[in-house]
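Number of protein chains: 2
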Amino acid sequence: MNILIIGGGGVVGQKLAKKLLERGQLDGKPIDKLTLADISDPAPVEGAETTTCDISDAASVAKAITPETDVIYLLAAIVSAHAEEDFDAGYRINLMGTWNVLERARELGTCPKLVFTSSIAVFGGEAPDPLGDWSVLNPQGSYGTQKAMGELLINDFSRKGFVDGRGFRLPTITVRPGKPNRAASSFMSSIIREPLNGQEAICPVGEDFLHYYLSPRKCVENLIKGAEIPAEDLGQNRCMLMPGRTWAIKDLVAALENVAGPEPVKLIKWESQPDIEAIVKGWRWDMHADKALKLGLEADASFEDNVRAYLEDDKPAA
Amino acid sequence: MNILIIGGGGVVGQKLAKKLLERGQLDGKPIDKLTLADISDPAPVEGAETTTCDISDAASVAKAITPETDVIYLLAAIVSAHAEEDFDAGYRINLMGTWNVLERARELGTCPKLVFTSSIAVFGGEAPDPLGDWSVLNPQGSYGTQKAMGELLINDFSRKGFVDGRGFRLPTITVRPGKPNRAASSFMSSIIREPLNGQEAICPVGEDFLHYYLSPRKCVENLIKGAEIPAEDLGQNRCMLMPGRTWAIKDLVAALENVAGPEPVKLIKWESQPDIEAIVKGWRWDMHADKALKLGLEADASFEDNVRAYLEDDKPAA
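Here the protein sequences come in this chain order: A and E. All residue numbers for the first sequence refer to full-length UniProt numbering, where the first residue is 1 and numbers rise by one. All residue numbers for the second sequence refer to full-length UniProt numbering, where the first residue is 1 and numbers rise by one.
Be aware that a few hints might be false.
[Unchecked claim] Cross-link-like lysine-lysine pairs, in silico, DSBU-like; alpha carbons within 30 Å at most: (1) 294/A to 281/E; (2) 160/E to 291/A; (3) 294/E to 281/A; (4) 160/E to 281/A; (5) 281/A to 291/E; (6) 281/E to 291/A; (7) 291/E to 250/E; (8) 281/E to 18/E; (9) 160/A to 281/E; (10) 18/A to 291/A.
[Stated by the list, open to error] Not the full set, but computed from the structure, chain E residues with beta-carbon under 10 Å of chain A: (11) 91; (12) 124; (13) 160.
[Claimed, not checked] Computed spacing ranges between beta-carbons, pair by pair: (14) 49/E to 66/A: 27 to 37 Å; (15) 294/E to 236/A: 48 to 58 Å; (16) 66/A to 21/E: 55 to 65 Å; (17) 44/A to 293/E: 35 to 45 Å; (18) 24/E to 202/A: 54 to 64 Å; (19) 296/A to 232/E: 50 to 60 Å; (20) 296/A to 40/E: 51 to 61 Å; (21) 278/E to 67/A: 37 to 47 Å; (22) 278/E to 109/A: 18 to 28 Å; (23) 59/E to 88/A: 51 to 61 Å.
For the record, the hints were derived by calculation from the structure and aren't laboratory data. Cβ atoms here follow ideal geometry from the backbone N, Cα and C, with glycine treated the same way.
All chains, please: the whole structure from these sequences, using the hints.
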């Protein structure tokens, strides 16, 4: 089993690599080789190889995906606020990058398994709640548009037998380790992570703001299960919502206090940021991952679990 | 008012040009210039200019769409069976062609009005009936995939203010004049048209096969109304089903007999064609165009009307 993680330098890619190597197998087959690829050389993970790959460049993709590649995780993307700001980069990376990966698979004729990360940002507009497996994808931003287009491609290339694709719309992943990024959702991790590390964080929305979350730990478990779902169980739409749970900001803050005591929450500063609010208010939260739940994917049991997972897996040593 | 019809050589493009020139105005503004563009020089229409345009070539698109272009009708496409057979041509024309038109508009900065024809082939898979404005687009063919991707682009480019786009998912257009084409739906016109012209036609599906139809006449009226809908009335999804009506093949045959007497129906030969059936059985028929109806678009009152419209508008002189 030869696995390639494109976007292997990111938070999810790094954790996925570690988890896969810890298991040693995927779908019952031993992992012989695991490669992390990213636009710049990914941080090393013991037991994994690393390489650079620019998915917007077909030649670079051809070097990364070889006839020996059995499973591709396509996690690389320009994130939401960045794609909104840089229209060209969003389409080049998120749409044409996906296209290049799919075309490379088609060219090889090996029908590799492809696990694609879509996003809940594909939902939006006037579609009535609740949102589920039969809801229109009506993104209200360029990032969601590019992800929705990627889902359509995954389905069409799979139907043609060029890849064995499956796509999962990721909830917002919290608590993400590391530094804030350019995703409009970045604060949803910062307001937990920074206080746990003794630092201030800004919350740009009110405490009643609802959103749909999943911990990095569960996300990685789901991405592994997602690769193991038999193709025949995926039905006529290989892309689906990954299970998450809906909480208000005040639920996150309460969970932080429940796990870490009264001090960290005092480090959250409440400052409205209209540009961030304009994006995240277009996102949806009343959504139900029936199909993925039926296929064995899981959400977190509580937001306290998300906070504890961060402390156990990611909190930097003092 | 300067109007460009891309795909102006096709049945709908030709009829649309004639109707627009007959009206002399669009949205209350006099039509100063109307240009028919197509991959090969379109048949002349009195009062219209003609030009060639290959939408898969950005330079060709740049010549056709100028700073003076106020309204673009984007009707050009590789049809369903053709796109299924020639994967590359389908993406090159239907996806990248749409991209080139949108990018040209963006480059000009003039925010032209763009009327895009999508298709009911965007629907499919396991989404429950009835299908409507909130249903997932889950095409089961490459043509529907490319049209669904086009819809997403129309929305994103419109949201950004690069075009004032609106997209309409065309029902199957019957009775089409002329010759059979490579669309899998071609027989849905042939079985009416050929008998009316004293020729045999093959029906490759059974008489209970249900489908969603619209006459070319109503389609053209709807495309004109579609251009006149104020942008603010389009809401957060500028693409919608164009109203049609659902009939079984036997309803079509009965209407043919009601309008033209008992002789023509004897010319229909019933011969199963599994390759055509495989495509059209993936299509859906239980669909409801609530949004478009509310915005003033209309379906035919009866299939007899479709037959009569063919006789009045299109039947070749004996």
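Verification of the hints:
no.	hint	verdict
1	294/A to 281/E	holds (27 Å)
2	160/E to 291/A	violated (33 Å)
3	294/E to 281/A	holds (27 Å)
4	160/E to 281/A	holds (17 Å)
5	281/A to 291/E	holds (24 Å)
6	281/E to 291/A	holds (24 Å)
7	291/E to 250/E	holds (29 Å)
8	281/E to 18/E	violated (34 Å)
9	160/A to 281/E	holds (17 Å)
10	18/A to 291/A	holds (27 Å)
11	91	holds (8 Å)
12	124	holds (7 Å)
13	160	holds (7 Å)
14	49/E to 66/A: 27 to 37 Å	violated (52 Å)
15	294/E to 236/A: 48 to 58 Å	violated (30 Å)
16	66/A to 21/E: 55 to 65 Å	holds (58 Å)
17	44/A to 293/E: 35 to 45 Å	violated (60 Å)
18	24/E to 202/A: 54 to 64 Å	holds (58 Å)
19	296/A to 232/E: 50 to 60 Å	violated (45 Å)
20	296/A to 40/E: 51 to 61 Å	holds (53 Å)
21	278/E to 67/A: 37 to 47 Å	violated (31 Å)
22	278/E to 109/A: 18 to 28 Å	holds (23 Å)
23	59/E to 88/A: 51 to 61 Å	violated (19 Å)
Against the hints set out earlier in the document, violations occur for numbers 2, 8, 14, 15, 17, 19, 21, 23.
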